[in-house]
Amino acid sequence: MSDAGMVHPITVTINGERYARTVQARKLLVHFIRDELALKGTHIGCDTGNCGACSIIVNGKLIKSCMMLAVQADGATIETIEGLEAEGELTPVQRAFHEHHGLQCGYCTPGMVMSATYLLRGNPDPSEEEIRRAIRGNICRCTGYVNIVRSVKAAAGAGEPAAADRAEASR
Amino acid sequence: MSAPSAPSAPSAETVVAPVEPGERLGKWSGKSVPRTEDRRLLKGQGEFTDDVWMHRQGYAHFARSPHGHAKILSIDTSRALSLDGVHAVLTGEEAKEMCEVPFFQIAPEPAGRLEEWPLAVDKVRYHGDAVAVVLAESRDVARDAAELVEVEYEPLPVVVDTVAAADPDAPLLHDEAGTNVAWHGVFDYGDIDWALENADHVVKIDRLHFHRFSSTPLECNAAVVNWDPGTGVVDVKSNNQMPMFASMVIGPTLGVASNKLQFASQDIGGAFGNKIGSYPQIAALALLSRKAGRPAKWTEYRQEHMLTAGHGNERTFLDIEVPVLKDGTILGFKVRAFDDAGAYLHYEPLGAVIWSQVTPGCYRLKHIQVDYTETLTNKCPTIPNRGYSRLQHLWLIERIVDTVARELDFDPVEVRKQNYVQPDDYPYETPSGCVYDSGDLPRSLEVALELIDVKGWRARQRELGTGSGKRIGIGIGSTLDSGTNNFGQARIINPDLPFSGNGEAAYVKLDLYGEINVDIGTTPQGQGHETTAGQVVADVLGVEPSAVNVSAGFDQRHNTYVAFSGTYASQFAVTGLGAVLGGAEMLRREIVTLAAFALEADEDEIEVEGGACHVRGDPERAIPFIGIANLAFSNNAVLTPELRERISLNCRYVYTPPFTVPDPETKTGELTLTYASQIHAAAVEIDEETGRLEILDYVAVDDCGRVINPQIVEGQVQGAAALGIGAALYEAFEYDADGLLQQSSFYDYHALTALDMPMMKYADIESPSPFTPNGAKGMGEGGGAPLSTLCSAIQDALGDGDALVADSHNPWFRIHELLGGGADGAPRAVRVESR
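If you read the protein sequences in the order shown, they are chains A and B. Residue numbers for the first sequence follow this note's numbering, beginning at 1 and rising by one. Residue numbers for the second sequence follow this note's numbering, beginning at 1 and rising by one.
Next comes chain A alone, as it looks inside the complex:
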């Protein structure tokens, strides 16, 4: 039962970089990414696939990386939060979360941003209902989702006034 037995070689490409490693059969993909590759942006908030803090994009599909074994990712192309920015610039989704106060503690944020990014790639102009359905698998305990929904709307170009302006207007 020790970590010595049952190992498999795998190769994955994460954010454009190839990693060849040997992993235990039971190693979860999220633990592989965090503990073996030291990519700490992908978070863990539950043991059961409910919270979505570990959401990443594998071969173009949004998945929860605690629900996949590292060996299952052999040969996969993976995007994590660290791979989203280009040349230091925030993506439109990240920028919208900043401008609309769509994050507080920031722990659910990487998973939330990955889910929102995946949504907008497939549906550039989602309704509020579609946004809520797209992030229903991402639990946030700080924001009540209000500003997250606003952020995603804004990222989609729906013209939401920035949180700062709205909060000023409510005074």
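Treat the hints with care, as some may be off.
What the hints assert, rightly or not - Below are the DSS-like pairs computed for lysine-lysine, each with C-alpha atoms no more than 27 Å apart in a straight line:
#1 A:K61 x B:K43
#2 B:K43 x A:K153
#3 B:K31 x A:K153
#4 B:K260 x B:K96
Since the hints were made in silico from the structure, they are not lab data.
Model the placement of chain B on the given structure of chain A, informed by the hints.
Relative to the frame of chain A, chain B by itself:
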């Protein structure tokens, strides 16, 4: 106004004129400055505790009790130790031998005699109680090894009900205490007997129950602890939110002096009070590290978090009597309250006094008697949870007000407005001697009702009538968020405790190259302290907020602190920013002194602006901050001896609120400094067939005095509302008769999702506090207003039936039961005696 034709997703408008826009502290305070913290968090570059690595670290996993209550007959660690990759196993007995004393207890005798050690010794007292901890080379091996720790248990009788636990014949949790009663006392204000005798009506409610839940921060507890064998320094990288309290509790237990117990944290993934409670695990990890000679890293699993990280206070209210006058004046109330502390006293029994910060709630109630008992039960220890100990009491009062209105045919809006503390009453002294600082509750309620169009929903409610299969209900919740504790209230629990006052510390410095650097003793968890502290300093020193560097997180090695440091109990805007403001003003005075010296001008001629000082009316006679820094740090021979001695550009300021010591005899005193108000209102629709509830419209009107950063305040209000809505409808921790927790994952414990939360409305009224340096009030916790609001709305939807909304938790099946008239055969829980 026409009735809304059909329930629809409410818009997110948040428009209302402020009552009195507060005077700003300066250019930046009062503005929604975007957060400094965001960039790293959005890029996955935050540093949460599980992200921390130490050289040679091992992974820790706790072996935990599968029983609610049992004697430990034996522990065999040999199989665990024989597993490859296991570094060490520490049992409760061994841990106790390594400790100097048990954890300090707040409770007086006899409960104060109870002994708690870092791990359970001799017996386990709740499902999940830790009996041993393993250190191994990986998470998986540590978990495997913890399963191989063989413990022989002899199960004992279990008590999971707080009222039953107070019975002298109940199973006893702590033999050394000799009782399950953690604390008992009577809070007797005014003359309740006179009020009950002289009232026109007495409304009696048999029983109300406030359920167990917690805010379950998305990041579980975590710590990486290294006991350095060379220096004896114990490094604690953790997400504990009240590190100095943790330090004061575990330092003597571990036998480690303050300067050798070094807490640090950067980003904390939500806490809500829950992360005050991780000190027993941190102590166990310190001992494990000491034994293994390696750093011990522990990250709680979610199941472990739900079982053991602490739950909010569950409270049962019995024999409630409410004297009311004909005109609707509520004179007060009498109640027996039983609070459930769980198996150990973590921060408790402070909850037994904390509620009395808001003794009369939002109302001018004069005669109040609360017979308060807190008991130990075979359940997870309680820990402060957003709205700590006040939300239970405020929910009781809101249920009382709604029940009085319903039984005596008063309008629930008018009876509130009539009994609220009125705008002219401030500063308003409550029966327990607390002084409500400011507010406008009637106006807040009016704004709330306008924003959800209460008239429209009332019309819609009548229109629906019977036979539609749907019911509409409108509810109100009026709560307070009392902020900035006077720790002297601990003496009402235990007069021997040498605690009083409160405070926070900050350094504000001009550094080597003229940079402005700030360190605070706080441990933020999403509240944006880097941003708001930057705003305050920017205003004082005349720079842009981006020119102020506020250290991310807390590190005992370089941050300043007092014993009260941390982030909890709605106080940062007062204590934290009070410290920052004081430090910035000190630094400004020093900068002006050096500038006057350098520019050969009088101090009152110096203007501080744009990162430089100049002589008023002569912008050419100027010196930039780098020049000022140069004088103090690397060119001091040019200064006079007096300036060399006096000026450091390194200004430490401790903000202390103007408190006195409360009186334990009368149980009175100024228990908190500020009282933010939250008036919530909702319209809900209930499906008669299923009991399913949909929120049609929801509004929160918040008044937390002068607002430093409006968007951060709004975000806190939304977050508090969401946690309250989740608790009211979905979230509960329940134990079976064997003391086993029934909800230990997010499958069973349904944390509110984006589909459950409405696009709530928000409005802000600003009644500056006359008692704080900046007019701000602590906020963030809220007062659990959604629990009151939704119970009120459900009760309203039930109409004229007998059923009383008597529980704070109302999932669809309970609502369904209420629609059927309540539990079968139950006697009516409310009576009115009139004369």
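How the hints compare with the structure:
1. Among the hinted pairs, K61 of chain A with K43 of chain B is consistent with the structure: their alpha-carbon atoms are about 20 Å apart, no more than 27 Å.
2. For the proposed pair K43 of chain B and K153 of chain A, the alpha carbon gap of about 20 Å is at most 27 Å, so the pair holds.
3. For the hint linking K31 of chain B to K153 of chain A, the alpha-carbon distance of about 23 Å falls within 27 Å, and the restraint holds.
4. Among the hinted pairs, K260 of chain B with K96 of chain B is consistent with the structure: their alpha-carbon atoms are about 20 Å apart, no more than 27 Å.
Violation of the numbered hints given earlier is absent; every hint is satisfied by the structure.
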